[in-house]
Amino acid sequence: MKLIRSTLASLALVFTSNVALAGDWGSTSLGERLAHRNCAWCHGTSGQGFATAPRLAGQTRQYIENQIASSRNHMRDNPKTQAFMWGVAALTSREAAVHLAEYFSSLSARPANDGNERLTAEGRALYRDGSPAANIPSCVVCHGPNGEGRAEIPRLGGLSYRYLKRKLEQWGEGYHATALVPMPGIATKLSAGDIEAISSYLSFVE
Amino acid sequence: MKVVGLRSALPAAVLLSLFTGAAGAADQGAPAVSTQELQSKIKYCNSCHQPLGQGHRGATAIPRLAGQQIEYFENQLQAFVERRRYNDYMYRVVHGLSPQLRKALATHFRDLNPKPVGGAPGELAAAGRKIYDEGVETASIPPCASCHGPEAKGDGMMPRLAGQLYRYTQKALANWSQERGQDPKKQDTSAIMQPIAHGLTPAQISAVAAYVSALE
Numbered sequence: 001m002k003l004i005r006s007t008l009a010s011l012a013l014v015f016t017s018n019v020a021l022a023g024d025w026g027s028t029s030l031g032e033r034l035a036h037r038n039c040a041w042c043h044g045t046s047g048q049g050f051a052t053a054p055r056l057a058g059q060t061r062q063y064i065e066n067q068i069a070s071s072r073n074h075m076r077d078n079p080k081t082q083a084f085m086w087g088v089a090a091l092t093s094r095e096a097a098v099h100l101a102e103y104f105s106s107l108s109a110r111p112a113n114d115g116n117e118r119l120t121a122e123g124r125a126l127y128r129d130g131s132p133a134a135n136i137p138s139c140v141v142c143h144g145p146n147g148e149g150r151a152e153i154p155r156l157g158g159l160s161y162r163y164l165k166r167k168l169e170q171w172g173e174g175y176h177a178t179a180l181v182p183m184p185g186i187a188t189k190l191s192a193g194d195i196e197a198i199s200s201y202l203s204f205v206e
Numbered sequence: 207m208k209v210v211g212l213r214s215a216l217p218a219a220v221l222l223s224l225f226t227g228a229a230g231a232a233d234q235g236a237p238a239v240s241t242q243e244l245q246s247k248i249k250y251c252n253s254c255h256q257p258l259g260q261g262h263r264g265a266t267a268i269p270r271l272a273g274q275q276i277e278y279f280e281n282q283l284q285a286f287v288e289r290r291r292y293n294d295y296m297y298r299v300v301h302g303l304s305p306q307l308r309k310a311l312a313t314h315f316r317d318l319n320p321k322p323v324g325g326a327p328g329e330l331a332a333a334g335r336k337i338y339d340e341g342v343e344t345a346s347i348p349p350c351a352s353c354h355g356p357e358a359k360g361d362g363m364m365p366r367l368a369g370q371l372y373r374y375t376q377k378a379l380a381n382w383s384q385e386r387g388q389d390p391k392k393q394d395t396s397a398i399m400q401p402i403a404h405g406l407t408p409a410q411i412s413a414v415a416a417y418v419s420a421l422e
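In order, the protein sequences belong to chains F and L. Using the working numbering, the letters of the first sequence map in sequence onto residues 1 to 206. Using the working numbering, the letters of the second sequence map in sequence onto residues 207 to 422.
Do not take every clue at face value.
Said to hold, decoys possible - Keeping only pairs whose Cα atoms sit at most 30 Å apart, straight-line, the calculated DSSO-like set for lysine-lysine is:
#1 L/LYS336 with L/LYS321
#2 L/LYS336 with L/LYS391
#3 F/LYS165 with L/LYS249
#4 L/LYS392 with L/LYS336
#5 L/LYS249 with F/LYS189
#6 L/LYS249 with L/LYS336
#7 L/LYS377 with L/LYS391
#8 L/LYS309 with F/LYS189
#9 F/LYS189 with F/LYS80
Everything labelled a hint here was simulated from the structure, so no lab data went into it.
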């Protein structure tokens, strides 16, 4: 709690004070400056993610902006988002969100490679084909053949296995996020084995 | 946007009673589609085509199904299964659907009427309308309206275009020969569009696609 309070305090200082941003930053963009001061703590200095904080590097702009917005209005309500992002997003203006999203989306992304390698074939098949008999659609149709995403649909390729697994489980646990249509309907049909396979596969995708 | 489960159950229930009641002598013995099966399948379609069938531009342009002509809808499903229309995802989807279920789905979607998703460049619509209403004489392209109707609602085997995703129509016309009529031994209705799709320039395709995408 003390850490969060002091983090919030320093965030408040940065976001509201232009003084903190002036000085010897040269041609660094506002988004980069904001990110280094505020997001790197959890999401890593190159936005590759750390522990439960997902990789932001290479994520679609619209998705990042939407997650900040839905953290601000509490629509995105899983436990880690509540604990960390609600406070952060409350202090992040829409303008700052645009700059941050632009910055992070421009970074090159490294795959987490933390899944179970033996499940990649199964995961790839599920990702590509879904399971029509079980009414599970192909993920490719929205998320793209390499999990690249588009606009408000997130890039999944290379995200951490642990993060993806939790996200998929959370839909089934009743948590909300911006993809209320169609993700809960899809994720709740996935078995635990399906989730393991898909999450593992995606964690290796470039 | 939330999934409105209850609201979609009522029309489906009405549909079901119409099917089983009006089946008639020709369909004696044909198994009716259970409400549960139909509802599950509709939800499955919805996960890509959206709860009101309005379509969505994901990594692929997922077309609007709402308001689509039943005959055209069923023809496309059959074409997917026979691989005359090439689409890996739809082939797998349609593979296991019974004819009764296909008809039930076609009817369900035909009765939906959401607003178009929009998003096309507005400045193209005027040029698109001209092509739609008058055709392109210099390229021997007839007015789209002659077959698709003055309001692009379609008719029977000729699809509704009104409100169709801009990107989807663009790609459909640009890739016509790569996707449709893939069985040279079995020509189908897609052959009608081939010379038209080929004759239109990319700019004309974009214009027409933009124009119809805004029609309600």
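Right, here's what the structure says about each hint:
Among the hinted pairs, L/LYS336 with L/LYS321 is consistent with the structure: their alpha-carbon atoms are about 23 Å apart, no more than 30 Å. Our distance criterion of 30 Å between C-alpha atoms is broken by L/LYS336 and L/LYS391, whose separation comes to about 36 Å. Only pairs whose Cα atoms come within 30 Å are accepted, and F/LYS165 paired with L/LYS249 is accepted, the gap being roughly 23 Å. Of the pairs offered as hints, the one joining L/LYS392 and L/LYS336 is violated, with about 34 Å between alpha carbons and a cut-off of 30 Å exceeded.
Annotation: proposed proximity of L/LYS249 to F/LYS189 holds, straight-line Cα distance about 12 Å (limit 30 Å). At most 30 Å may separate the alpha-carbon atoms for a hinted pair to count; L/LYS249 and L/LYS336 exceed this at roughly 38 Å. With a C-alpha separation of about 25 Å, the suggested pairing of L/LYS377 with L/LYS391 holds against the 30 Å cut-off. A C-alpha spacing of about 25 Å is found between L/LYS309 and F/LYS189, which places the hinted pair at or below 30 Å, so the restraint holds.
Restraint check for F/LYS189 and F/LYS80: satisfied, since their Cα atoms lie roughly 24 Å apart, inside the 30 Å limit.
Hint check: violations occur at hints 2, 4 and 6; the rest are consistent with the structure.
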